[in-house]
Every structure is written in structure tokens, then in C-alpha cells.
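**Student:** Chain S is fixed; fit chains C, U and E onto it per the hints.
Protein chains: 4
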Amino acid sequence: VKLWGGRFEESVTDAVEKFTESISFDKALYKQDIMGSKAHASMLAKQGLMSDSDRDTIIKGLEEIERQIETGQFVWRTDREDVHMNIEAALTDLVGEPAKKLHTARSRNDQVATDFRLWCRDAIDGIISRIKNLQIAMVELALQNEGLIVPGYTHLQRAQPVLLQHLLLAYVEQLERDAGRLLDCRARVNFCPLGACALAGTGLPIDRFMTSDALGFTAPMRNSIDAVSDRDFVLELLSANSITAVHLSRLGEEWVLWASEEFGFLTPSDKVSTGSSIMPQKKNPDPMELVRGKSARVIGDLVSLLVLCKGLPHAYNRDLQEDKEPVFDSVKAIVGMLEVSAEFVQNISFNRERIQKALPAGHLDATTLADYLVKKGIPFRTSHDIVGRSVALCVSRNCELQDLSLDELNSLNPIFDKDVYEYLGVENSIKKFRSYGSTGSECVAGQLDYWIDKLSISRER
Amino acid sequence: VKLWGGRFEESVTDAVEKFTESISFDKALYKQDIMGSKAHASMLAKQGLMSDSDRDTIIKGLEEIERQIETGQFVWRTDREDVHMNIEAALTDLVGEPAKKLHTARSRNDQVATDFRLWCRDAIDGIISRIKNLQIAMVELALQNEGLIVPGYTHLQRAQPVLLQHLLLAYVEQLERDAGRLLDCRARVNFCPLGACALAGTGLPIDRFMTSDALGFTAPMRNSIDAVSDRDFVLELLSANSITAVHLSRLGEEWVLWASEEFGFLTPSDKVSTGSSIMPQKKNPDPMELVRGKSARVIGDLVSLLVLCKGLPHAYNRDLQEDKEPVFDSVKAIVGMLEVSAEFVQNISFNRERIQKALPAGHLDATTLADYLVKKGIPFRTSHDIVGRSVALCVSRNCELQDLSLDELNSLNPIFDKDVYEYLGVENSIKKFRSYGSTGSECVAGQLDYWIDKLSISRER
Amino acid sequence: VKLWGGRFEESVTDAVEKFTESISFDKALYKQDIMGSKAHASMLAKQGLMSDSDRDTIIKGLEEIERQIETGQFVWRTDREDVHMNIEAALTDLVGEPAKKLHTARSRNDQVATDFRLWCRDAIDGIISRIKNLQIAMVELALQNEGLIVPGYTHLQRAQPVLLQHLLLAYVEQLERDAGRLLDCRARVNFCPLGACALAGTGLPIDRFMTSDALGFTAPMRNSIDAVSDRDFVLELLSANSITAVHLSRLGEEWVLWASEEFGFLTPSDKVSTGSSIMPQKKNPDPMELVRGKSARVIGDLVSLLVLCKGLPHAYNRDLQEDKEPVFDSVKAIVGMLEVSAEFVQNISFNRERIQKALPAGHLDATTLADYLVKKGIPFRTSHDIVGRSVALCVSRNCELQDLSLDELNSLNPIFDKDVYEYLGVENSIKKFRSYGSTGSECVAGQLDYWIDKLSISRER
Amino acid sequence: VKLWGGRFEESVTDAVEKFTESISFDKALYKQDIMGSKAHASMLAKQGLMSDSDRDTIIKGLEEIERQIETGQFVWRTDREDVHMNIEAALTDLVGEPAKKLHTARSRNDQVATDFRLWCRDAIDGIISRIKNLQIAMVELALQNEGLIVPGYTHLQRAQPVLLQHLLLAYVEQLERDAGRLLDCRARVNFCPLGACALAGTGLPIDRFMTSDALGFTAPMRNSIDAVSDRDFVLELLSANSITAVHLSRLGEEWVLWASEEFGFLTPSDKVSTGSSIMPQKKNPDPMELVRGKSARVIGDLVSLLVLCKGLPHAYNRDLQEDKEPVFDSVKAIVGMLEVSAEFVQNISFNRERIQKALPAGHLDATTLADYLVKKGIPFRTSHDIVGRSVALCVSRNCELQDLSLDELNSLNPIFDKDVYEYLGVENSIKKFRSYGSTGSECVAGQLDYWIDKLSISRER
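First to last, the protein sequences are chains S, C, U and E.
Sequential numbering of the first sequence, starting at 136, is according to my numbering.
Sequential numbering of the second sequence, starting at 136, is according to my numbering.
Sequential numbering of the third sequence, starting at 136, is according to my numbering.
Sequential numbering of the fourth sequence, starting at 136, is according to my numbering.
Okay, chain S solo, but in the shape it has when bound (with noise of 0.2 Å):
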């Protein structure tokens, strides 16, 4: 029978209570649910609402419990509905009596918002732990390239030459703000809901503060109904997810790019490729094509989760019960996300020859010849124009910018001098930067020693 029959004559039906449960999946909320319980025990005994044997009685019995949970012993039961239940049950069943007191200035609306904020800031401890392992692979796979040039692309059309170092640095960047946001999340999500009880807190004399220190709170929630209606929290984690997710998508594609045939830039090892069942040649990026596709799913979390939420009057409305699947699966894809992007990380080569063999194609000194006009003292629009139309010889003569003679060059304007081949060239141009946050070498070491200070990463290797 329910915990919360009294009232009741008939139980529910069976195709009601199968879709009603939830212990099918907040079971994984267990841990915090018996932290909380313990912290509450302690709090409870302490103001005098139960005495200290009933209190060690209920942590030993919760202990036991954990214990059972924890070796596969423990059987959780649909009839007692959800996570709470079946504990506090459980409970009943193992000491007794002293249970019976355990809800005492609680409700299962307080008691669950708590165990899943407790799951939530571990939680993204663990991304964030697992971006600086990501960001690290990414420095040291730099490390590993110094000097190497590559394309780079805007429109997927080759636009100016870069260092490697630089491009994976930008993912560096892109990461580290990643984690600020689930840093800023955390700070929001660490709040304490326990002992708002229904919605209304209570007339007995608790004590909010001890058990929110109890449980590394930062304070109790300041309004009892905010604190069992709101789910701002995980919706705020999921969105973190969600932008972390379109980073590593973009990071997919543009690996999955260049293993191509037709890039040819970069060789996963075998051990993070998979075959074909039909073709036996085929030898595929499998891992960051996942990546990318799991991009799709920390999205369509968050899309649920919002379009829960939406229009929910006050306080606990049954349908935040779908609250946690979600949040469940976006931190799960999440995780493996970026520790399997590390993994891919970790076993790439680059094909350094393959790709300087193709960095003369597709003008990328264009931009330097025009700089170098500029410092001849052409206005830029005017040097564009003549560089464009220096292209478009090469295009017709199927040659690069560095082919062409000084007369060539004069034929389009007297003002180039020999100097000009200076700045031709890839090698040349990737010289000529020198801008602040530039693919410029100085620059880019300047930004590897940064990020090796900041990601405490050995210099030796």
C-alpha cells in the first residue's frame, strides 16, 4: 500500500502505475537521496523532533541500504513508485518504527529538488574535469606540431595560411568558456531547497542551515515555493551542455573533413576508427562522427526540458517528475563526448607532407600581397581591388601569386618591387603576422605558454 493512502480506497491501475513511476531511472539519484536523508536524521535529532537513537537507528538502517544498492542486492519495487519511497520503505521494512519519523519537515517535493541539485553540481564537476583533460589533449597534440601550417578556411574555401598550434588553440579558447558557464551553473545550482517541505516550509523548529551545510550548500533557499517549483537550474545546465555540445559538433565535422580523401590533413589510428560490414577498405572517423551526432541529443534535452516548464503554474506540478531523463542523458552524451574527443585527440597523426604539399593551392597569400600594398601606401580597398584582379591572372593562367613575374605584377600596377616576394608564399606570408591573438609564431607560443601555465602542463615531453 502507498505511504500516502490514508485517504484513499482503491489503488491505482496497473497501466497507471507503470506510467507513473519514476524509479525506473531516479534510482540513480540513490546516493544523494540517502545523503540527504542523513543530513536530515542528524538535523531532526538535533532540534529535538526525534531522539538520537532513532537518529543512529535510521543512518545505520540508510548505511545498510546504500550498502545493498550498491552490491545489487537492493530491489526496487514500481509499487513504491519512485526513489524516495522505496528507501524510506525499505527503510520501514529494516528498522522499523524510527522510519516513521524520517519524513518528518519533508516532502518528497523538497527532498527530491535537493537530491537532484547534490547530483547535479557533481555532475558538472565531472564536465568540467573532463573539458581540462580535452583542453589538455588539445595543447599537447599542439605541442606535438610545432610549425606545422595549414589552411585556413572561411566559407570552407581556403582563406589564409595558419599554424595548427593556432586553430587547435581556438578549440582551447572555445572549451575554457565552456567551463565557465558550468562554473557560473554551479554557483546557482548550489542553493538549498530542504525544508521547504511541500511548498509552505513548516511550523516545526528546523534548523535549514544545518543541513544545508551538511550537504556543502552554499545557504537554504531563501522562498520555500521557489524552491520546490523551479527548475531553472537544470535548464541553465542543460544550455551550458547544449553550447559545450554545437562546439564539439564543429570540432566533429572539421575532423571528419580533413580525414577525408580529399583533405588527407590528419590519420586516426585504428583504434579509434571502425570498418565496414560490406566495403572492405573503409576505414572511418566513426568516433567524431558520433560526436557530432550526439550534439543532437544535449539539444533536444534541453528543447524538452524547456518545453516542460513552459507554462507550469505554481508550486510542484507532477510533470516535472520528466525533469530528469533529460538532464540523466545530456550529462551522460556530454561526458562521453568529450572524453572520447580527447581519446580521438590522443591517437591522430597529421599528415604533415600530404598537406604542405597542397597548401600552394587556393591563394591564401592574397590577403599578405594586400598588406603589402597597404605598406606601400595604397589605400586597401584600392589594394584589394588590385590583388583580386591578380588573382583572377593566376586563375586564368592556372598558376599561383608567386608565379607570377615582377612585369606581370606591373602590368596590374607599377608599384610592386622585388620585395613583394617576400610576402609571397605561404611560408612567407605565415612570417608577416605579428597582430595580437594572431596565427603569427611568436603570437601562438605566447598563447601555448599561456595555456600550459594555466593547465599545469609538464613543458618536458
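Check each hint, because a few of them may be wrong.
Note: identical chains are not told apart, hence a pair may lie in one copy or across any two.
Straight-line Cα separation of at most 30 Å, DSS-like style, residue types lysine-lysine; simulated pairs [claimed, not checked]:
hint, residue 1, residue 2
1, 511, 173
2, 589, 566
3, 181, 511
4, 492, 567
5, 153, 467
6, 166, 153
7, 567, 589
8, 511, 137
9, 153, 406
10, 267, 153
11, 567, 173
12, 195, 162
No lab work stands behind these hints: they were computed from the structure.
**Tutor:** Coordinates of chains C, U and E only, in the frame set by chain S:
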């Protein structure tokens, strides 16, 4: 070792294996996979690509595997990646050499597309049958509540009186379109990709019409690249589900409202209600809250799938492995929502007395009064204004329109005559409706007849 | 003063007026609104609810207003809220008293539903015609590129050779389903809500079949509450658009890839390319990037509408005013995407020489080689392994399969004979395909014929 | 002719020009664009890349253009694509040669990122100030309704009594976190991409710190590729808006409910209500319906942007042009929602008498009664059961808990004493609350004081 491992020297890492496996969820396709393989083997034998005896061995082996799966004896292995490889490898373990011929002229790309279309076809049939059940439950509820007038709302403000039957049939109409959408989707799902192989078809002499027929498809798909690339059939299914989910969320919202103390129009039985862990008096209409809430995941699943497919080049990309979970989840949710809604419909009673007592409030007869004036020859816009001022008078006197004396009415406009009282009051008002599709008793009775016939509901009760 | 102002004593604040107005966007419905009002007036006259002369005055007035709108003379007023009130009030200004009869037996609730369905019906027709244009452009591009073999991809890795025509027809197939989905949607859109009035119908003797016929609808909607409550018809339209958008995003992705320096398969003409403000050499395939990008808003619009409708009780709620902008935006985007895609198709050329030069890479013939072994009696799974090892050999020698000597092949398996060379190389490989729907030349030619007929494309070129 | 036209021989087609233009919406950035150009010109002059006189000419020209724009004299040209090219070309028309130097060491890629960050920074400040206004309005509404007890709900079923002030402060809490999220976002937005140029930085001797300072940024962005590639700052802004929108949708839902005939808790004034075109008696709380409804577009805008960015390779892709409209739309919507919510708050009155009359229903004191038993030493779980049976008794007798005699109570449990009546009834119940954050009068008064101080609200009224 992987079945595709010929050119590989190293195995994937554990993290990659775990991240890329799909067996944990695509095993749900085992029945379709085995059905497809049996049809494929029969075709290969008929086309001389395998002996009849190999075919028989394979089919018997597949049936044994199906038996093992359904009795829980089959061991799903993550290192065998997915349902296809698990079954093929188990078949090889079981029957040896002949099994190695099964994958002739087939790729996992066309195989999974075939399995998935078969699965979706079944899912659609299952959803449609639940829609029909809910429609029947609605009509039967209508039959039990003949003559009951309830307030009709716009903006959640009382608008005009309607027959409860009329409102219930509005839901039946929406569900009918939901079913129609699924039928249209089914017609597009039901084409056979098998034989498209990796993406280009094959040079082996297969007969795609034979397998298509054997599996109950309308025809083989005309273009092999399209056959393995596209997932529009599941996008369409999840779109249809999302629209149904929105309909059900609105029903959920309405009935949660109606079950509130403030509305008090309906009472769910204990069999479809749950209580509170802290508040002893609570009896909550949880099933309909969750019906409303679960619409969120159905929408989220659609979004996941749209995001997944966005921007992928042809043909199969590993991202597409992520197509299954949202579909499984959406179908499970929508089936549950429909079933539980029907169960709820069967377990509620309308509080006729309370509804009637509340009916006079809200001036539900104001529009009928305006129509009265129109019938007397006053232009509608002028009638609207006169009645608007009549209502203002009622508000100031805290009374209803029918409480105004003829003198008072005439003070607003001399055209009012004593026949006006035949138009005032909710019962009079409802009697006046006569337009096709309106809430007039005869119209509604006619609609009920239509649905009783269409849904083959017995008239005997 | 508002037309509904009878019972009101104060006007809404400026902020509320501005926030709640819809005239800034729903004026797009003016043509449908006037068409509906004309049909409504004719019906009212026929039913004796208005004189023929009033009807004529109203119709003439509405035509004058339509003229004013189309010549830019009409002044839309925010204080008149929406398109319906603007037109009705302007009609009253123009023709006086008779105009006050127009709103008889009509509410804005059924009026806007009618207008919007008419608008959507036109929009669907417009989209379908653009889909057909794009299909035709694709087929014509195919006809211009007979015999051109390109690499087929899975996982963006080279998989098997395919005829470019085959790939182009894959898009034609997808577009055909997109059109089919819209046609099914159109059939559900095309029912008439007019006469449902506020939500309950009316007691006035209207003829809903007459207005339904006059406006080209299949029939009046059967249930008045359903008629004004539901927006599933736009949810379905936006779902269909989203699926089309996903298809186009994939085309966009593919062609952006193919236009890159690295692929180099196609060159867009200057007419469909743009340049860079800084990099003089750039020539970007912007239209297809934007086609890909605009899929995002089409999906976002669908989500907006799903979220909007979630959890609303019956019948009309003001939230529903927000239904129009996403629909207008989605339709505009999808029309633009289809038109520009067709324009791009008509302005690209394939770089036959470069493609052919690149074809040997990637072992595209490996599966054909496996089929060769199958024909020799080797079970496919064994063949796959033998070819896998052959490819590994090629990789180690940096050569292609056709470069292996018979001795080398025989070292892997003795069954290879010299006829194997008829199966190696991309041209040989393509010749072998023969299954229905495959990339074999005859199959593709047959499919092309099918589409030329179906799309009524001239065979003369 | 396009400013990037040097290498082009043909113009884009009309359809492409229309499809790819952004001037129709990105002109909203004119102020930021001009501000950025002025800072850039000053820096170029300081660094010797332009003369002081050219700088002065440019700045004067830009100021003239700004004046023209703000007075409506400026002609935006579609053939000039976007706001950047429109202003640069107009500047060239106006001041000639010097204008051609403005685009030195700058690309539209870094320019638009700079403009957009500046715009978002302003938008965030604007939203935060509206949040504060709504908080203030809520607190003032609370101050006007001291002592008013309303039913608190869970599952929309009556749960426990709460002070209206307590509920209003719950919204203030949520809004405070919304503001906090925006502040965190602002800190990440406020870095300067200018000088990243196309993607790689430049070889010209620019000073990025100077422009960053001049524009009020915290610092220049560290990595040029990141600077032009990423749009996480707008994803974050739109995420924050979505969460705020969900909060407001819940407020909208609640107040629409409360304004219904059935709840009847509040009455909006005519100034924030609208009527019906057909039903003369209607007075609808449209602003709050639209607040609820507009949450849909805010969520849809976020989804658009997430889908947009998913799977793009580095660096700038034309898809990103689609980033602006969702942001503009989201910000406009959220600002409107906040403003109108505040206006609604200022124009509603609570129906104290009606609320009080309705309060006895729903056994709001049941939990207080259970607490009474706990204080008497009964374990809570047992208390819950006893009170549950007491409620069942009330339901069968159609009375309230306080109507039960002591004998009747004692028939359920002998521990009840006559002091029980100090715990029954809503007023008694509310007096008992005392936990931190609860709805007890002192707690709520303390919270009110907190917010009055924090929001600097005058205590004089």
C-alpha cells in the same frame, strides 16, 4: 575480432567501443532484423547465390536465435557493436560456414534502414490502434453524459455554453486527424531499402522485388543512395507524434484544470489519482499531468532527430546511429500517453450538480442575446454594443442578464421585448444553436451518431 | 474606440496595445480576409440575414479596400489591433451602416482560422511548385553530365563509385516525398472553420456549406470547438517544411564541400558566388551555405509553434496569435531555399577532369572485388576479409588494387584469376552494377526516363 | 559593383542577391558599426596606418552618416549587401579616397562579431533593467496586499495556505537568478574580436588593446580564429532569455488561471484587458496570455541558433549571417514580456473577499494537523495516515477538518486534544509556519525587507 577487421591491425579502445556501440538499444530491432535476414536468405537461394540447404540452415539458425532472444538466453555482446553483427556472429557460432554467405549483397546500411522501416510500420499501427481506443473512450464518456452543459471558454474566460458531448467530440476530431497523419506517413515508410547495399546497389544478381514483397513493402526504393541516406520517414513519424502529443497536452491541461477545487467539474477515481508524501488530504490527477509533461519529450525527440540530420552529406554517416533512441522514446511515450488518457477517460465522473450551480456566472448567454437583437433587425455590431452595455449593467449590479427587467433592458434599447427571456439563461441559450457543427443538441446528436458508426461502437449500454 | 468596447470604461495602455497588436504581421492575410468576408456576406444575404443591397455595398467596399491595400494607400492602424478589425472598421468608415452587419454569425476566432487556412493552402501550392522546379533543374543537370563517375561516400570516406546522375536523382526522390507530404497536409488544411463563430456555432440560420464551397474548401469542419481551437494544420505544414529544410541543408553541405579546393568537384559561376571584403582571392558558395543555414530557422519556427500550442486549454487563447509569424517565416525561408537551390543547380559546372584524376584514390573498387570472389564461390564474409587484407597490402605499398599483380593477389588467396582485372578500377566497377535502384548505367538511365516523364521535361536539348 | 569584386566577372543574380542580403535586418547594428569604425580609424591613425587628417575626415563622415540614418535620410541598398558595406560605400561616396583606408586590417568577419557583441552588451543591460522593474512591481504589489492568504497549490490541487506576499516573492527570486545569468553572460560577451580580421590576424602593426579599450571591452580576444568563428555568446544570451521566458510563461499561466471566473482571485483593470468581437461580455487577460505565448518564440529562437551553429567547420561560414534575426527577435520579445508583465502587475487587484470565502475548501490545514500530531509525539508517517483518514471522513460528510468534533477526531486517534483547534482553519495554519523561507508572517516580512533594501524601494507609500 570485428567482422570488418580485415584491414585493421589494432582494436578500438574501450572508451571508443563503449561510445560507439548501439547494441544497448538497437537490439529492440531483433525481430525485424531476423525477419529481414530470412527474406534475404530466401532471395539469395532463389537467385542462386546460396544453396537451398544453406538457406535452410540459416533460417533454422535465425529461428533458434530468435527463440533464445525471446527467452532471455541470448547474450548481447558490446564488442559485436550492434544488433546486426550480434545476430550474424551468433549465427556463425551456431551454424558455421553457411552464415558467412548471409551478408552477400547486403550492407548494414540497407539492413538497418530495412529493419527500422519495419519497426516504424508496426509502431504506427500500434499508435493508430491506441488512438482509436481513446476516441472510443471519449465517445462512450459522451454517451454517459447526455445533456450536460458546461461553460465553453476562450482565453480561459467563460464564453458560451456548450454541451460536454460537443467538447469531447472536438478531441475525437483532433485524434482522427492524428491517425490520418500517421496513415499518410505509413504509406511513405513502407518502401524497401534492402538491396541498396552500402549505397550503390550491387553487381550480384539479386531480386529486390522478391524481398520487398516478402516483407510486406509496397515496392523497393528506386534509388540506392536515397535508400541508405535519408531518414525523412522517421522525421515524419516524430512530427506526427509531436502533433498528437500537443493535442494530448491540451487535454491534460484541461482536465487538470477541471479537477481543481476551483473548477470542480470532474473527479478522477482513486484508480487514476495519487497522493502526497506530506499532505494527507491531497488527491492529484497525476496521470493527466504526466500526459501533459510527456509531450515535452516527444517534442524533444523530434528536435533531436532534426538536428541530427541537419547538414549531413550523403550517404550513411555514423551520426545516423543516433536516430533510433529518439524514435523508440517518442513511440513509447505516445503509446503510454494514449493508453493512460483512455484509462483516465474511463475513470472520471463529471460533477453535474456543481457544474450546473456554477453555470449562471460569466454571462454565457450574452452572445445569444446579441443574436436576438440581430434577429430583430439590429446590425450585429450595434447589437454587440448594446449587449456589452447590458453586461456592464449586470456587473455593476452583480447580477445576470436574465435578472434584468424588461424596463432595464429597454433603457438600453427599446427593441427588447418580453420574448427576450426565451434567449436568456444557459439552457435557453443552448437551445438556440442550430448551425452545422455547432453545440446545438441536434447537431451534436448527429455528430455522435457519425462517430458511433465510424468507430463501430455498440449503441447498447 | 475598440469595436468590442461596450463593457469597457478605459482603454488599454500604450504598452499593452503595442504588445498585443498583430496588425504589423497579420496584414499579410488581407487578401484571404477580404475573400472570406465576401463569401460570408453573400451567404448572409442568401440566408436573409442581410439585404442584397447591403451585400453589394459591402462587397464593393471590400474591393475598394483591397485596391487601396494593393496600391499602398491603405492606412493600417495599430489601435485597430488586427487585420480583421482594420478591414471591418475601414469598411464602416467607407460604407457606413451596412458594414455593421458583416460580423453577424462570425467571430474573429473562426475568421482568422479561415484566413489562415486559405493562406496556407496557397503557400503549400507555392512550395510544391518550387519543389518541382528544383527537381527539374536537378534532372537537367543530370542530363548534362551523362557518364560522369564520382566517388560515393559513407562516413565521408570514399566508399564506391557512383554515377553523378544517380546521386542527383537521390535528391529528386527526396524532394518527391517532400511534395507528397505537403499534398497530404493540404488535404487536411482544406476544411472550413467559418461559421464556428467564437467556439460554439450560432443560432442564426447560416449556411456553412455555401461559404465552404465559395472558398474552395472540401467541406465545413464538423465541430465548432475543434475549428477554432486547433492549429495542427500549421504544425503539420511546418513539420513538412522542416523535413524539406533538412534535405536542402544536406544538399547545401554537400555542395559546399564539393566546391572546396580540396574536393574541387564543382565550380559555381560568378552569378552564384560572393567574395570577401578582405581576402581578394575568395570566391564563396554563399547561396548553398545560406540554404544550409536557413534550415535552422525553419526548424526553430516549428519548435516555436509546438511550444506555443503545448498545454493550452480549449478553445481560442490569445497565445494563438503568435502562430502566424513562424508560419510566414518558415514559408518564406523554404521558398527562398528552393528557388536559390534551383538557381545554383543551373549555375554550376562539374570539373570532369579533376574528378577523374582523383577517382583512383580510396579503393572504390574493393566491394566489387569482394563480389568477384563471391561469384567464384567464396562466402561473402571470407571475401570481405581477403579484400580487406588486399587493401592493407595496397596501403603499405601506397598503390591501388589494380596495381597488385596476380601473384600478389594469389598470395592472399589462390582463387584470383586474371579475369579479376575486369573488376578492378572505377570504370570496370561501375559497369558491374546491375541491381534495381543501383548506380549501374542502365538502371540510372531507366530512372532518368522515369523522372523526365513524370516531370514533363523535354528530351530535346 | 561589389567592394569585393576584383576577381569577379559577373554579378550575382537577383534571386541570389535577395536571398543573401542581410541589410534588411543587420542595419539594426548601424550604431555599433559606426562606433567600431571610429575606434578603428583612431587606432589606424595612432599606429601610422592612416593620417590624422584622413582619420578626422572618416570620423566626420561617419558622424554625418549616423545623422542621416537617425533622421531617416539614409538609403539602405540591397546591392551593398550588409550594414558594413552600406556604411563603407556611403562613406566613400561622401568623403572619397580616405574611406578606402578604413577597411585596413579589418574584415567583415571581425567587424560583425564586434558590432554584434556591442549590441548584445546593450541588450543585456536593457533586459536586466526591465527585470529589476518587474521585481520592483512585484514587491510593491506584495506591499499592497499584506496579510492576504491564498491557497498554495501543488498539482493544481489545493495544498497548504500561503501568504500572497510569499508567492509574489517567489517570482522575485526567480527573476533575480535570471538577472544573474545575464550578468555572467555579459562578462563573457565583453571581449573584443576586432583585429582578428578574416580569421588569422594581420601583419599590419595594429593595436588591438586600443580599440578594445575604446569600445569598453574587457580585453581583446586571445585567439583570432576563435574570435570570428564562435557564436557561443549569443547562444548563451538566448539560453538565458529562454529560461526567463519559461519563468514568465509560468507567471502568465498562473494569472490567466487566477483571472478566470472559477478562480476569481484577481481582476485585471480595463487598461490591461481586451474584449471579444462577438461575445459582448468578454474581458480577457490577453497580455498575460501573450506573455505565456511569446515564451514559444524565445525558445524557438534559441533552437534556431543552436541548429545553425551545429556542425559548422571553422571559421566564418555564411550560415552565421542567420545569427542575427533570432537574437533581435528574442531580445525584443523578452523586453516586451517583462515590460507588459510589470504593467499587468501594476493594474490588477486581488479579490480579497472572494479569496477568503473560498479558502476553507480543500483541507489546506491537513498538513498543519499532521504536524500537530508530530508535536504530540506521533511519528510523521503515522500522523499522515491518521490525518488522511480524517480527511476521508470530512469528504464523506462534506465538511472541513475544523468541523469535526473532538469525539470524531478521537475515534480516529485518542491523542487529539482540544488544543487541536488552534491548528485548524487556514488562519491558524498560517500562524504556525516558522521555518526559514517559509510562508510564516515573520519570515515573509523579513524577506520583504530584504528585497525592499536590495531593490532600493521606498518604504513610504
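**Student:** Take the hints in turn and mark each one as holding or not.
**Tutor:** Checked hints:
1. 511 x 173: between (76 Å within a copy, 23 Å between copies)
2. 589 x 566: Within. Shortest intra-copy distance 27 Å satisfies the 30 Å Cα cut-off; inter-copy 55 Å does not.
3. 181 x 511: For residue 181 and residue 511, only the inter-copy Cα distance (18 Å) is at most 30 Å; the intra-copy one is 82 Å.
4. 492 x 567: within (21 Å within a copy, 35 Å between copies)
5. 153 x 467: both (25 Å within a copy, 12 Å between copies)
6. 166 x 153: Result: close both inside a copy and across copies, 24 Å intra and 25 Å inter.
7. 567 x 589: within (28 Å within a copy, 54 Å between copies)
8. 511 x 137: Classified as between; 24 Å across copies, 86 Å inside a copy.
9. 153 x 406: Result: close only across copies, 13 Å inter versus 42 Å intra.
10. 267 x 153: Between copies, since 21 Å is at most 30 Å while 41 Å is not.
11. 567 x 173: Classified as between; 26 Å across copies, 64 Å inside a copy.
12. 195 x 162: Cα proximity of residue 195 and residue 162: one copy only (20 Å, versus 41 Å across).
Checked against the numbered hints given earlier, the structure satisfies every one of them.
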